[in-house]
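Asker: Chain residues, written in single-letter form:
Number of protein chains: 2
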Amino acid sequence: MSIRIGILGYGNLGRGVECAIKHSPDMELKAVFTRRNPETVTILTKDANVYSIDEAEKMADEIDVMILCGGSATDLPVQTPKFAKLFNTIDSFDTHAKIPEHFSAVDTASKEGNKVSIISVGWDPGMFSLNRLYADSILPNGADYTFWGKGVSQGHSDAIRRVEGVKDGKQYTIPKEEALEAVRSGNNPALTTRQKHLRECFVVAEEGADKAKIEETIKTMPNYFDEYDTIVHFISEEELKRDHSGIPHGGFVIRSGKTGWNDEHNHIIEYSLKLDSNPEFTSSVLVAYARAAYRLSKEGQSGCKTVFDIAPAYLSPKTGEEIRAHLL
Amino acid sequence: MSIRIGILGYGNLGRGVECAIKHSPDMELKAVFTRRNPETVTILTKDANVYSIDEAEKMADEIDVMILCGGSATDLPVQTPKFAKLFNTIDSFDTHAKIPEHFSAVDTASKEGNKVSIISVGWDPGMFSLNRLYADSILPNGADYTFWGKGVSQGHSDAIRRVEGVKDGKQYTIPKEEALEAVRSGNNPALTTRQKHLRECFVVAEEGADKAKIEETIKTMPNYFDEYDTIVHFISEEELKRDHSGIPHGGFVIRSGKTGWNDEHNHIIEYSLKLDSNPEFTSSVLVAYARAAYRLSKEGQSGCKTVFDIAPAYLSPKTGEEIRAHLL
Numbered sequence: 001m002s003i004r005i006g007i008l009g010y011g012n013l014g015r016g017v018e019c020a021i022k023h024s025p026d027m028e029l030k031a032v033f034t035r036r037n038p039e040t041v042t043i044l045t046k047d048a049n050v051y052s053i054d055e056a057e058k059m060a061d062e063i064d065v066m067i068l069c070g071g072s073a074t075d076l077p078v079q080t081p082k083f084a085k086l087f088n089t090i091d092s093f094d095t096h097a098k099i100p101e102h103f104s105a106v107d108t109a110s111k112e113g114n115k116v117s118i119i120s121v122g123w124d125p126g127m128f129s130l131n132r133l134y135a136d137s138i139l140p141n142g143a144d145y146t147f148w149g150k151g152v153s154q155g156h157s158d159a160i161r162r163v164e165g166v167k168d169g170k171q172y173t174i175p176k177e178e179a180l181e182a183v184r185s186g187n188n189p190a191l192t193t194r195q196k197h198l199r200e201c202f203v204v205a206e207e208g209a210d211k212a213k214i215e216e217t218i219k220t221m222p223n224y225f226d227e228y229d230t231i232v233h234f235i236s237e238e239e240l241k242r243d244h245s246g247i248p249h250g251g252f253v254i255r256s257g258k259t260g261w262n263d264e265h266n267h268i269i270e271y272s273l274k275l276d277s278n279p280e281f282t283s284s285v286l287v288a289y290a291r292a293a294y295r296l297s298k299e300g301q302s303g304c305k306t307v308f309d310i311a312p313a314y315l316s317p318k319t320g321e322e323i324r325a326h327l328l
Numbered sequence: 001m002s003i004r005i006g007i008l009g010y011g012n013l014g015r016g017v018e019c020a021i022k023h024s025p026d027m028e029l030k031a032v033f034t035r036r037n038p039e040t041v042t043i044l045t046k047d048a049n050v051y052s053i054d055e056a057e058k059m060a061d062e063i064d065v066m067i068l069c070g071g072s073a074t075d076l077p078v079q080t081p082k083f084a085k086l087f088n089t090i091d092s093f094d095t096h097a098k099i100p101e102h103f104s105a106v107d108t109a110s111k112e113g114n115k116v117s118i119i120s121v122g123w124d125p126g127m128f129s130l131n132r133l134y135a136d137s138i139l140p141n142g143a144d145y146t147f148w149g150k151g152v153s154q155g156h157s158d159a160i161r162r163v164e165g166v167k168d169g170k171q172y173t174i175p176k177e178e179a180l181e182a183v184r185s186g187n188n189p190a191l192t193t194r195q196k197h198l199r200e201c202f203v204v205a206e207e208g209a210d211k212a213k214i215e216e217t218i219k220t221m222p223n224y225f226d227e228y229d230t231i232v233h234f235i236s237e238e239e240l241k242r243d244h245s246g247i248p249h250g251g252f253v254i255r256s257g258k259t260g261w262n263d264e265h266n267h268i269i270e271y272s273l274k275l276d277s278n279p280e281f282t283s284s285v286l287v288a289y290a291r292a293a294y295r296l297s298k299e300g301q302s303g304c305k306t307v308f309d310i311a312p313a314y315l316s317p318k319t320g321e322e323i324r325a326h327l328l
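Respectively, the protein sequence lines represent chains A and B. Each residue of the first sequence is one higher than the one before, counting from 1 in this note's numbering. Each residue of the second sequence is one higher than the one before, counting from 1 in this note's numbering.
Just so you know, these hints were derived from the structure itself, not from any lab. Please read all numbers here as calculations on a predicted model, not as lab measurements. Note that CB positions come from ideal geometry on N, CA and C, so glycine has one too. Errors might be hidden in some of the hints.
[Unchecked claim] Label-pair restraints from in silico Cβ distances:
(1) B:Thr192 with A:Glu321: 28 to 34 Å
(2) A:Glu57 with B:Glu62: 55 to 61 Å
(3) A:Glu57 with B:Ala97: 48 to 54 Å
(4) A:Thr193 with B:Thr42: 44 to 50 Å
(5) B:Glu177 with A:Lys46: 44 to 50 Å
From just these sequences and the hints, can you work out the full model?
Answerer: What follows is the structure in structure tokens.
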């Protein structure tokens with residue numbers, strides 16, 4: 001029997017989950033739940049239905065795992081605890097500072113409903129976190145470095161678009177090659193924010209806008225740009241559409257650590273991602289962890305988990321024998 | 001209370017384990033067990049003892065986890081099942097083809113003794129296996145590639161030394177840069193053995209030996225060199241000692257996979273290691289998994305496990321709260 005998946009929220013992430021399920025022979029998309037009028041939402045999967053989010057509670061017996069595809073700012077803090085009582089859930093909650101609080105709320109709800117929830121799944125938090133943990137455990141005498149990019153930052157692109165005189169814009173976060181090389185050298189350099197990443201902006205100005213002022217406003221914007229070297233390019237709306245409509249991302253987690261009785265040997269562990277589509281990759285991780293949530297729930301477990309708590313074998317549709325014979 | 005570790009076999013790997021324990025505040029080295037005369041073995045840790053391997057059975061109550069540091073060819077197939085009845089054990093069994101058989105023997109023994117054993121721990125098998133599994137689970141529509149090196153292959157170095165007229169030698173396995181680039185391009189190339197790795201040999205010839213014949217013998221040696229591009233350098237014994245006495249290694253696990261409704265997006269996941277000391281890094285992984293074996297045993301689990309079965313949180317000395325707050 002297939003694992004029956006529900007998608008709650010049908011934006012880029014929800015569509016990515018739908019695509020990932022297509023590549024998972026042990027899963028089927030049962031339903032998509034939306035806050036919009038369901039009649040206005042067209043999905044790709046022929047034999048799945050679209051329902052109003054208000055219908056979700058009634059379908060607890062028909063969905064094995066609900067994948068919550070809302071945003072971390074306002075959706076997930078409310079939705080995950082609410083639905084974790086009724087369903088095994090997966091979310092991609094990524095407000096790092098608020099993870100302990102979110103964990104606690106979801107844990108209470110999941111235990112109340114005797115369900116399994118896995119929060120903060122994706123690549124950061126998610127695969128990058130796993131790599132930080134593994135490397136920290138193996139090379140305790142070391143330091144780790146996370147770099148993001150090259151990729152589109154939604155938050156920074158939104159910040160550009162709020163500047164007066166800006167019609168549209170995209171921001172790329174780019175790790176600095178010198179910083180990556182310094183880390184890979186094993187010298188455990190202390191790096192400032194400015195030394196680690198560069199911010200490159202492609203901006204479409206309103207007609208007649210003061211470009212010099214726009215550039216200055218962007219470059220000095222607190223929290224978003226002031227601590228970085230920022231490059232601003234003005235381009236046409238057409239160019240923005242043609243050259244910058246993708247959502248690529250990626251990054252690097254590098255740990256440099258020493259071993260030996262007198263710390264005489266150095267080691268570098270590096271994990272990197274180069275992603276054509278940030279939401280589709282994130283969705284692919286969510287779907288693998290949905291498989292784990294389903295299995296843990298079948299074993300009688302309950303409560304909130306993170307990627308740290310999930311044995312890797314639970315992610316694979318293959319059996320223990322198969323993975324020992326072919327992947328070990 | 002510290003986790004009390006025993007080391008069985010005190011070669012490069014055993015010494016590496018001893019060094020890794022020094023960096024693990026929650027562990028102590030209790031004893032080293034050797035097949036040699038214990039009086040001839042000097043260890044680095046002041047407050048640990050050296051015993052004959054025959055004494056090990058009597059110390060079941062004093063050792064929480066026994067780390068088996070013997071070789072995969074003849075030691076571990078006998079030692080791990082034997083000691084898995086008496087101790088929680090960790091080994092680095094790396095004969096890939098015989099893992100299912102070894103797993104089965106160790107599983108029976110561990111269950112009989114109500115102990116936890118984790119086999120095939122290290123970096124390949126080990127961290128590389130984990131990365132193959134994670135990537136295969138996240139991007140099922142893709143292909144994975146493992147490259148080894150640049151590093152010293154013990155087996156190939158031994159093979160060189162058996163050639164007539166060879167006094168000493170070292171062999172480096174080197175991944176070909178063109179192959180790495182082809183894989184990173186996302187084209188899922190089919191690569192032959194020759195296209196993936198280069199073999200570079202540094203050979204000290206006996207005085208008066210026929211160097212041309214040695215070179216020919218090495219380059220055409222079945223299984224070891226005949227399917228590779230092999231470079232042979234003749235150097236002096238002094239040069240070999242000066243420039244090639246280290247045991248560096250490393251490698252790459254790269255997965256390239258597609259997502260999207262029509263497979264329109266490509267993604268590259270890459271994990272790489274650059275190790276100054278192969279045995280010390282392997283040992284560091286063994287010690288992290290010893291922590292996991294201890295904890296699983298305390299929870300009442302038993303039987304044989306691999307890295308696939310261990311939730312990452314068990315490897316870290318930090319608490320769940322700490323890792324969620326700082327590493328997630």
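Asker: A separate judgement is required for each hint: does it hold in the structure or not?
Answerer: Status of each hint after checking the structure:
Between B:Thr192 and A:Glu321 the beta carbons are some 29 Å apart, a value that agrees with the proposed interval 28 to 34 Å. Taking 55 to 61 Å as the suggested C-beta distance range, the pair A:Glu57 and B:Glu62 conforms, at roughly 56 Å. Distance hint check for A:Glu57 and B:Ala97: the Cβ-Cβ separation is about 52 Å, which falls inside the suggested range of 48 to 54 Å. At roughly 49 Å, the beta-carbon separation of A:Thr193 and B:Thr42 lies within the given 44 to 50 Å, and the hint holds.
Checking the proposed 44 to 50 Å range against B:Glu177 and A:Lys46 shows it holds: the Cβ atoms sit about 46 Å from each other.
The structure is consistent with each of the numbered hints, conforming to all of them.
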